[in-house]
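**Q** The lines below spell out each chain.
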Amino acid sequence: MATVTKIKAIINGNPVEVDAGTTILDAARKVQVNIPTLCKHPDLTASAGCGICIVKAKNNRKMLRACCTPLEEGMDIITHDPDIVATRRTVLELILSNHPTDCLVCGRNNNCELQKICAEFGIREDNFERILPEIPVDCSTGTIILDPKKCIKCGRCIDACQNMQDVWALSFIDRGFKTRISPAGDIKLAESPCVRCGQCSAHCPTGAIFENDETQKVWSLLQDPDKYCVVQIAPAVRVAVGEGFGYPVGTNLTKKLYATLRRLGFKTVFDTNFGADLTIMEEGTEFVERFVNKKGPLPLITSCCPAWVDYLEKYYGDMISLFSSAKSPHEMVGAMTKTYYAEKKNIDPAKIKVISIMPCTAKKYEISRTEDMSASGFQDVDVSLTTRELIRMIKQAGIDFNQLPDEDANLMLGDYAGAGTIFGATGGVMEAALRTAYFAITGENLKDVNFQAVRGLEGVKETTVNVKGTEVKIAVAHGLKNVKFVMDKVRDAIKNGQPVPYHFIEVMACPGGCVGGGGQPYMVTDDIRKQRAKGLYDEDAAMTKRCSHENPYVQELYKDFLEKPLSHKAHKLLHTHYKSRPLYVK
Amino acid sequence: MVVENLVNDVKEVVTRWKDKEGNLIMILHDIQDRYGYVPREAALEVSRQSDSPLARIYEVLTFYNYFKLQPPGRFNISVCLGTACYLKGAPALIDEIRHLLHVEEGATTKDGIFHLQIVRCLGCCGLAPVITVDEKVYSAVKRADVAGIIAEHSKAVSKN
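For the record, the sequence lines run as chains A and B. Heads up: the first sequence begins at 985 in the working numbering, then just goes up one per residue. Heads up: the second sequence begins at 45 in the working numbering, then just goes up one per residue.
Worth flagging that the hints you see were computed from the coordinates, not collected in a lab. Don't take every hint at face value.
Quick list of simulated restraints, FRET-style, between CB atoms [as the list claims (entries may be wrong)]: (1) ARG1565(A) / PRO116(B): 48 to 54 angstroms; (2) ILE1478(A) / GLN114(B): 39 to 45 angstroms; (3) HIS1064(A) / LYS186(B): 39 to 45 angstroms; (4) ALA188(B) / PHE1112(A): 33 to 39 angstroms; (5) ALA1334(A) / ASP155(B): 55 to 61 angstroms; (6) HIS1064(A) / ARG164(B): 39 to 45 angstroms; (7) VAL1089(A) / GLY170(B): 37 to 43 angstroms; (8) ARG1114(A) / SER183(B): 36 to 42 angstroms; (9) LYS186(B) / LEU1116(A): 31 to 37 angstroms; (10) PRO1084(A) / VAL181(B): 40 to 46 angstroms.
Residues from chain B that face chain A, not an exhaustive set, calculated with beta carbons under 10 angstroms [as the list claims (entries may be wrong)]: (11) TYR81; (12) ARG84; (13) LEU88; (14) SER91; (15) ARG92; (16) LEU98; (17) ILE101; (18) TYR102; (19) GLU103; (20) LEU105; (21) THR106; (22) PHE107; (23) LEU113; (24) PRO116.
Heads up, simulated DSS-like pairs for lysine-lysine below, C-alpha to C-alpha not over 27 angstroms straight-line [claimed, not checked]: (25) LYS62(B) / LYS1468(A); (26) LYS64(B) / LYS1465(A); (27) LYS62(B) / LYS1473(A); (28) LYS1014(A) / LYS1040(A); (29) LYS1298(A) / LYS55(B); (30) LYS1251(A) / LYS1133(A); (31) LYS1468(A) / LYS112(B); (32) LYS1133(A) / LYS112(B); (33) LYS154(B) / LYS1162(A); (34) LYS64(B) / LYS1473(A); (35) LYS132(B) / LYS1162(A); (36) LYS62(B) / LYS1479(A); (37) LYS55(B) / LYS1479(A); (38) LYS1465(A) / LYS154(B); (39) LYS1298(A) / LYS62(B); (40) LYS112(B) / LYS1172(A).
Just so it is clear, CB atoms sit at the ideal spot from N, CA and C, and this is done for glycine as well.
Required output: the full structure, derived from the provided sequences and hints.
**A** Shown next as structure tokens:
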């Protein structure tokens, strides 16, 4: 292994030693100095776009951008002096000179990075004439709202869209003052390759890219005495919602969330983790059918992630037959609520409204993706909110979240096994599926249900699982760029008539899986992704029932209603179809 | 504009440059040489054939002033905004053209007759401010002259 060269330098008089290649920005953090920046995000490459992070180096007349300048041996850096602060201030005033100041009615009010830095710099007046570009708002996707006039041209969304996700919906167009973010050459976002993953919105420092806020819709439903509102929460929401209320990152707040949702006015509180267990029953059985009974092509590819479904339909239309037809967990809970639950409780399904709380912006699109999403005869899920929207609702309702007592979910579609909860992290769906597939193939439960090889943030995780002498080759990919790598490998093998490299593939579009979803609280980093995932894995480890097929309420659902996995009824209610879609609508 | 044989045209151009690194800009140049501008259909076809995302293609197309996204007009009016022309009153000429033709910079009138473009220095600063209509140069132009210059070419069209 090559030894890493160490660099010794001085920052604000403090000696610092870092690996060669470390930027001045990162090196400064090691000596407790925060250099302000608006464009550099820990997930993304430095673009040197904002100019706020300038610093001085002794014997260098130019100011350097700390985000993209590597520290060099012997450098003597000053990060803060009156001259530098004054220059930063001017840069900030210039950014503000073409940014709207209607912060009070902006979605990012109180968590905008530009607003925060302006507050820190004590900006009190406009020193430059304000010139605002007139660019219309793009609401075409119904999931992500693009408001380019609030854009500060930091380039984060573009790096996320092009390089992290390899989707290439967004780019800058035009130049100079006219530069703006735009979908694929000035079309609507919905006509572009956008898969609604929302990573652009999760990385935007301002309100230029924002989830379509549907909280008002939910308030109206909750107020309507004629409606019976049912709610469900996704696995990844429980370990992220606390960030809105001052909890340490990764705190698992499942039971407090149940209590909160009842206080908000929901009559029944279900859990998408139940749906995850149900998905495993269907998808796991689908895998066994294909792998053991050779009924269908391999590899089987998971389909819980709606941004991934969208990506596959657009980029891999030729590989649809490999896709699991099982719906995503919250869609399953929606369909079961308006059929099974309605029947059991004797409630008119027309009056039931299902609201999903998801870490995801793409789920807003998924709920009306095709007519399969109305399998119950009604739209199975009526509204899908992001974690960020839920946090706002809790605050609006004046609920003292931190002091709430714990409550339980309504168990019929709310109980879950450990397998269901790890769905929220990359590798979790695969691990859950393997636990149940092993049982389905061998008739025995695994002695050790932990699959460490599929956990963690490695972009592509490949391993072989031994199922009583039979090797199952699997791959887990998260972040669409990594997904592309795996999919291209499969496509090449098929094209060249070679054996496929895997039997089973798990895909999650967002880096880290749903814990890092596009609808989660802002400023996510790999550390935060790891801590949120840990919150889920810890919950799983503490549970007595760790496999989906052990969930007693799932067993009851099959006994009383669905008969067995992949039954005619299960197919009708819990499975869907895909179709190849054009990358560009026009 | 009827774009015949577009797929084949693009194929020819893409093949010509396929081994050259950073070939996108050359491909787009050739497309513009052929059609006079880069039609949306051609950009889409380049995207398909060269495996370049449309977002990248439009980054390039809109960054360089040279590329046109709309069909050129019958006459191409270029107004120089180089330093000398700028100081001698070129902005007023642009205003007047916009006003008379209802056309923005880089666009073509609805009837397809005039295309307005802004250029940086035509290399004859002594004649500032300068307008050219295709190859014909008008020097020391005043705002009041603009209507006459336009009329001269409109008449030529109506005669044909």
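**Q** Each hint needs a verdict: does it hold in this structure or not?
**A** Verification of the supplied hints:
{"no.": "1", "hint": "ARG1565(A) / PRO116(B): 48 to 54 angstroms", "in the structure": "violated (34 angstroms)"}
{"no.": "2", "hint": "ILE1478(A) / GLN114(B): 39 to 45 angstroms", "in the structure": "holds (42 angstroms)"}
{"no.": "3", "hint": "HIS1064(A) / LYS186(B): 39 to 45 angstroms", "in the structure": "violated (55 angstroms)"}
{"no.": "4", "hint": "ALA188(B) / PHE1112(A): 33 to 39 angstroms", "in the structure": "holds (35 angstroms)"}
{"no.": "5", "hint": "ALA1334(A) / ASP155(B): 55 to 61 angstroms", "in the structure": "holds (56 angstroms)"}
{"no.": "6", "hint": "HIS1064(A) / ARG164(B): 39 to 45 angstroms", "in the structure": "holds (40 angstroms)"}
{"no.": "7", "hint": "VAL1089(A) / GLY170(B): 37 to 43 angstroms", "in the structure": "violated (54 angstroms)"}
{"no.": "8", "hint": "ARG1114(A) / SER183(B): 36 to 42 angstroms", "in the structure": "holds (39 angstroms)"}
{"no.": "9", "hint": "LYS186(B) / LEU1116(A): 31 to 37 angstroms", "in the structure": "holds (33 angstroms)"}
{"no.": "10", "hint": "PRO1084(A) / VAL181(B): 40 to 46 angstroms", "in the structure": "holds (44 angstroms)"}
{"no.": "11", "hint": "TYR81", "in the structure": "violated (14 angstroms)"}
{"no.": "12", "hint": "ARG84", "in the structure": "holds (8 angstroms)"}
{"no.": "13", "hint": "LEU88", "in the structure": "holds (6 angstroms)"}
{"no.": "14", "hint": "SER91", "in the structure": "holds (8 angstroms)"}
{"no.": "15", "hint": "ARG92", "in the structure": "holds (9 angstroms)"}
{"no.": "16", "hint": "LEU98", "in the structure": "holds (4 angstroms)"}
{"no.": "17", "hint": "ILE101", "in the structure": "holds (7 angstroms)"}
{"no.": "18", "hint": "TYR102", "in the structure": "holds (3 angstroms)"}
{"no.": "19", "hint": "GLU103", "in the structure": "holds (5 angstroms)"}
{"no.": "20", "hint": "LEU105", "in the structure": "holds (7 angstroms)"}
{"no.": "21", "hint": "THR106", "in the structure": "holds (4 angstroms)"}
{"no.": "22", "hint": "PHE107", "in the structure": "holds (5 angstroms)"}
{"no.": "23", "hint": "LEU113", "in the structure": "holds (8 angstroms)"}
{"no.": "24", "hint": "PRO116", "in the structure": "violated (19 angstroms)"}
{"no.": "25", "hint": "LYS62(B) / LYS1468(A)", "in the structure": "holds (23 angstroms)"}
{"no.": "26", "hint": "LYS64(B) / LYS1465(A)", "in the structure": "holds (25 angstroms)"}
{"no.": "27", "hint": "LYS62(B) / LYS1473(A)", "in the structure": "holds (23 angstroms)"}
{"no.": "28", "hint": "LYS1014(A) / LYS1040(A)", "in the structure": "holds (18 angstroms)"}
{"no.": "29", "hint": "LYS1298(A) / LYS55(B)", "in the structure": "holds (23 angstroms)"}
{"no.": "30", "hint": "LYS1251(A) / LYS1133(A)", "in the structure": "violated (41 angstroms)"}
{"no.": "31", "hint": "LYS1468(A) / LYS112(B)", "in the structure": "violated (33 angstroms)"}
{"no.": "32", "hint": "LYS1133(A) / LYS112(B)", "in the structure": "holds (25 angstroms)"}
{"no.": "33", "hint": "LYS154(B) / LYS1162(A)", "in the structure": "holds (24 angstroms)"}
{"no.": "34", "hint": "LYS64(B) / LYS1473(A)", "in the structure": "holds (26 angstroms)"}
{"no.": "35", "hint": "LYS132(B) / LYS1162(A)", "in the structure": "holds (25 angstroms)"}
{"no.": "36", "hint": "LYS62(B) / LYS1479(A)", "in the structure": "holds (23 angstroms)"}
{"no.": "37", "hint": "LYS55(B) / LYS1479(A)", "in the structure": "holds (23 angstroms)"}
{"no.": "38", "hint": "LYS1465(A) / LYS154(B)", "in the structure": "violated (43 angstroms)"}
{"no.": "39", "hint": "LYS1298(A) / LYS62(B)", "in the structure": "holds (25 angstroms)"}
{"no.": "40", "hint": "LYS112(B) / LYS1172(A)", "in the structure": "holds (21 angstroms)"}
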